[in-house]
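A.B. asks: Whole structure, please, built from the sequences with the hints as guidance.
Under full-length UniProt numbering, the first residue of the sequence shown carries the number 1, and numbering increases by one thereafter.
No false leads were slipped in.
30 Å max Cα-Cα, derived DSBU-like pairs, lysine-lysine: (1) 25 to 35; (2) 44 to 21; (3) 25 to 44; (4) 21 to 35; (5) 35 to 16.
What follows is a set of in silico ranges between Cβ atoms, one per label pair, in the way DEER data are often shown: (6) 4 to 60: 36 to 46 Å; (7) 8 to 43: 35 to 45 Å; (8) 12 to 62: 37 to 47 Å.
None of these hints come from the bench; they were simulated from the model.
Quick caveat: nothing in here was measured; it's all calculated off a predicted structure.
Beta carbons: idealized from backbone N, C-alpha and C, even for Gly.
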Amino acid sequence: MSHRGERPFSCPHCEKAYGLKRDLKEHLVLHTGEKPYPCQHCGKAFARRPSLRVHRLLHCSRMSYTQPPKVL
Numbered sequence: 001m002s003h004r005g006e007r008p009f010s011c012p013h014c015e016k017a018y019g020l021k022r023d024l025k026e027h028l029v030l031h032t033g034e035k036p037y038p039c040q041h042c043g044k045a046f047a048r049r050p051s052l053r054v055h056r057l058l059h060c061s062r063m064s065y066t067q068p069p070k071v072l
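C.D. replies: Printed below as a string of structure tokens:
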């Protein structure tokens with residue numbers, strides 16, 4: 001990637017273009033409906049990894065309230 005603002009990776013479905021191939025790949029799921037990031041706890045799937053991370057935090061916060069404390 002150069003610092004010239006070049007965007008050689010174009011979306012075939014719309015007019016968006018990206019400087020990095022991975023950014024185009026992430027954008028394409030908006031058009032395909034693909035959800036490659038499933039939650040291991042409940043099976044709900046997400047198109048973007050950051051959305052899965054936020055969802056996982058919800059599971060963690062719920063677990064801390066629903067699980068009894070460990071007795072040593």
